[in-house]
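Colleague: For reference, the chains in residue letters:
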Amino acid sequence: MTWTELGIVALRVILTFGLLLVVTIINVWAERKIVADMQSRIGPSRAGPFGVLQTVADGLKLFFKESITPRKAELGLYTLAPFLAVIPAFLIFMMVPWGAPVTVGDEVVPLQGADLNIGLLFILAMSSMAVYAVVLAGWSSGSKYPLLGGVRATAQAISYEAAMGLAMVSVVVFTATQGDGGTLSLSEIVARQGGNWGDVAPIFSIVPRWNLVPQLVAFVIFLVAIVAETNRAPFDLVEAEQELVGGYHTEYSGMRFAMFFLAEYINIFSMSAIAATLFLGGWNGPTFDGALPGLVSAALPTVWFLLKTYVIVFIFFWLRATLPRLRYDQLMTLGWKGLIPAALAWIALSAVIFGFRQFGPPWS
Amino acid sequence: MVELALFALMGLGALAGAVTVVMARNPVYSAMGLLATLLSVAVLYVVQLAHLVAAVQVIVYAGAVLTLFLFVIMLIGVDQVVDTDERLRYQRPLVGGVAGLIILFAAALTMLGDFDWVPPATVMNPDATNGTVEAVAVPLFTDWVLAFEATALLLTVAAAGAIALAAYRRRRV
Numbered sequence: 003m004t005w006t007e008l009g010i011v012a013l014r015v016i017l018t019f020g021l022l023l024v025v026t027i028i029n030v031w032a033e034r035k036i037v038a039d040m041q042s043r044i045g046p047s048r049a050g051p052f053g054v055l056q057t058v059a060d061g062l063k064l065f066f067k068e069s070i071t072p073r074k075a076e077l078g079l080y081t082l083a084p085f086l087a088v089i090p091a092f093l094i095f096m097m098v099p100w101g102a103p104v105t106v107g108d109e110v111v112p113l114q115g116a117d118l119n120i121g122l123l124f125i126l127a128m129s130s131m132a133v134y135a136v137v138l139a140g141w142s143s144g145s146k147y148p149l150l151g152g153v154r155a156t157a158q159a160i161s162y163e164a165a166m167g168l169a170m171v172s173v174v175v176f177t178a179t180q181g182d183g184g185t186l187s188l189s190e191i192v193a194r195q196g197g198n199w200g201d202v203a204p205i206f207s208i209v210p211r212w213n214l215v216p217q218l219v220a221f222v223i224f225l226v227a228i229v230a231e232t233n234r235a236p237f238d239l240v241e242a243e244q245e246l247v248g249g250y251h252t253e254y255s256g257m258r259f260a261m262f263f264l265a266e267y268i269n270i271f272s273m274s275a276i277a278a279t280l281f282l283g284g285w286n287g288p289t290f291d292g293a294l295p296g297l298v299s300a301a302l303p304t305v306w307f308l309l310k311t312y313v314i315v316f317i318f319f320w321l322r323a324t325l326p327r328l329r330y331d332q333l334m335t336l337g338w339k340g341l342i343p344a345a346l347a348w349i350a351l352s353a354v355i356f357g358f359r360q361f362g363p364p365w366s
Numbered sequence: 387m388v389e390l391a392l393f394a395l396m397g398l399g400a401l402a403g404a405v406t407v408v409m410a411r412n413p414v415y416s417a418m419g420l421l422a423t424l425l426s427v428a429v430l431y432v433v434q435l436a437h438l439v440a441a442v443q444v445i446v447y448a449g450a451v452l453t454l455f456l457f458v459i460m461l462i463g464v465d466q467v468v469d470t471d472e473r474l475r476y477q478r479p480l481v482g483g484v485a486g487l488i489i490l491f492a493a494a495l496t497m498l499g500d501f502d503w504v505p506p507a508t509v510m511n512p513d514a515t516n517g518t519v520e521a522v523a524v525p526l527f528t529d530w531v532l533a534f535e536a537t538a539l540l541l542t543v544a545a546a547g548a549i550a551l552a553a554y555r556r557r558r559v
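First to last, the sequence lines map onto chains S and E.
First residue of the first sequence: 3, per our numbering; consecutive thereafter.
First residue of the second sequence: 387, per our numbering; consecutive thereafter.
Simulated from the structure, these hints should not be mistaken for laboratory data.
Worth double-checking, as some hints may not be accurate.
As the list claims (entries may be wrong) - Between beta-carbon pairs, the in silico distance windows are:
no.: 1; chain 1: S; residue 1: Leu23; chain 2: E; residue 2: Phe455; range: 26 to 36 Å
no.: 2; chain 1: S; residue 1: Asp331; chain 2: E; residue 2: Phe455; range: 40 to 50 Å
no.: 3; chain 1: S; residue 1: Thr6; chain 2: E; residue 2: Ile549; range: 53 to 63 Å
no.: 4; chain 1: E; residue 1: Leu540; chain 2: S; residue 2: Gly184; range: 17 to 27 Å
no.: 5; chain 1: S; residue 1: Pro343; chain 2: E; residue 2: Phe534; range: 22 to 32 Å
no.: 6; chain 1: S; residue 1: Gly196; chain 2: E; residue 2: Phe534; range: 43 to 53 Å
no.: 7; chain 1: E; residue 1: Leu540; chain 2: S; residue 2: Glu109; range: 45 to 55 Å
no.: 8; chain 1: E; residue 1: Glu389; chain 2: S; residue 2: Val24; range: 31 to 41 Å
no.: 9; chain 1: E; residue 1: Phe534; chain 2: S; residue 2: Trp5; range: 39 to 49 Å
no.: 10; chain 1: E; residue 1: Ile459; chain 2: S; residue 2: Thr81; range: 13 to 23 Å
no.: 11; chain 1: E; residue 1: Gly397; chain 2: S; residue 2: Gln360; range: 53 to 63 Å
Ideal placement from N, C-alpha and C gives every residue a C-beta, glycine not left out.
Could you put the whole structure together from the sequences, leaning on the hints where they help?
Modeller: Given below as structure tokens:
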């Protein structure tokens, strides 16, 4: 590996990291503003135009606040837990291609942190690592509410991770019929969603070739699962204020609390980005055949990607402003008796249908 | 060079984790030591270009099995005083002696060198630099599909049996 290659890799990672941070700062503000609008309030309006700088102000405030450590806390794990929350959150987004590959000199540079052959498995691995932060934060605080919140969060995350993984499986099975062999790499899954459905019937040539069309059921399951996985309303039992104060981060304050908060918003964005990548075609979109100036058309795929991701992020905020919280038994019933059987049935059904289309009937 | 540095770093991490598992007073810290060992070994797999094995290691062992351990430790409660009275008389020196012998043997082998129990890999697939899912999946679902499905069935039966045993209540006579 030459120094140029190393530099390009470093630049990719830093760009991805920077994009994630900027987007997260905007998201925190956007959520407050959107929810305020839906509830006929004004929302943040003082810091900067439309209150955009509110997040920066809050971040600075949290940075300078005292970090209180409860006397009964297990100091080592209590300090470690916020880091365990943030690191997987960043690593998950490293797998997501956020733009079309760019040609620099004679090298093709994919715009994503790392294009792994095992991309989807890496995402699942990291999201199961994120559970540790919650468990350890809840346990090490040495207090009852955080412990209950931590146990709840773990049970919820494990249950809905299964549904999320199964929804991904049906996408992988479908993607395998769309090209030469199966793949788990996110850049390849995006590349196979270019074009339109014109080959099925001429009338479908206006419909983009997104996985959303044949995998609508999996998309719905995935969407519900990621909302539950990120502990957002209506599945935010983990931090149900009326029952648990703040859940697993009750005892945290200052910068340590800010890290949990940051991890939650990063997870919202990266899960939405993964949904956009798997089902909505990632950075694919109209290119206008070079009618636009060079720089604009180079940035266009990233614009499409962000647009699609923000549609899903908006759904997250919309749900929070609309739906009341589920009861705990309803949550578990929905997960184990609703989503997981539905996902399994859908995998079997879609595997049979697309296998039939690909290979013909088994008796032929 | 990078490979050697990574190996040294992750090997040390794995050893430190393993020592923590045994030495920690609090079982939760033991579980965290096990996590450190599992993750270090996963990185070693990546260095060996076995990306799939690394991912499976993290998902299955670090993600599922260890979370279960942690759950059990936390819910049972670790605050009770554990009886740490020594009831082993000669086991400790015995283990120490055997370990010393093994270390001496390994050191002698390394010093004297000339052995090839594990012949060095001669053929390396230059295309397999970015993961090996296909290399594992194709034999698994063609040559070994019967064994694979039989194992899956066995695991399902075992899980169902465990649930049945746990839910079974003897009726009062």
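Colleague: State for each hint whether it applies.
Modeller: Against the structure, the hints come out as follows:
1. The supplied range of 26 to 36 Å is met by Leu23 (chain S) and Phe455 (chain E), whose beta-carbon atoms lie about 34 Å from each other.
2. The given range of 40 to 50 Å is broken by Asp331 (chain S) and Phe455 (chain E), whose C-beta atoms sit roughly 26 Å from each other.
3. A beta carbon spacing of about 57 Å between Thr6 (chain S) and Ile549 (chain E) agrees with the range 53 to 63 Å that was offered as a hint.
4. Between Leu540 (chain E) and Gly184 (chain S) the beta carbons are some 26 Å apart, a value that agrees with the proposed interval 17 to 27 Å.
5. Separated by about 23 Å at the C-beta atoms, Pro343 (chain S) and Phe534 (chain E) satisfy the suggested range of 22 to 32 Å.
6. At roughly 34 Å, the beta-carbon separation of Gly196 (chain S) and Phe534 (chain E) lies outside the given 43 to 53 Å, and the hint is violated.
7. A hinted range of 45 to 55 Å for the beta carbons of Leu540 (chain E) and Glu109 (chain S) is consistent with their spacing of about 49 Å.
8. Hint check: Glu389 (chain E) to Val24 (chain S), Cβ distance near 35 Å, so the stated range 31 to 41 Å holds.
9. Under the hint 39 to 49 Å, the C-beta atoms of Phe534 (chain E) and Trp5 (chain S), about 45 Å apart, fit the expected range.
10. Taking 13 to 23 Å as the suggested C-beta distance range, the pair Ile459 (chain E) and Thr81 (chain S) conforms, at roughly 20 Å.
11. About 46 Å separates the C-beta atoms of Gly397 (chain E) and Gln360 (chain S), a value inconsistent with the hinted range of 53 to 63 Å.
The structure does not agree with the numbered hints 2, 6, 11 stated previously, though it agrees with the rest.
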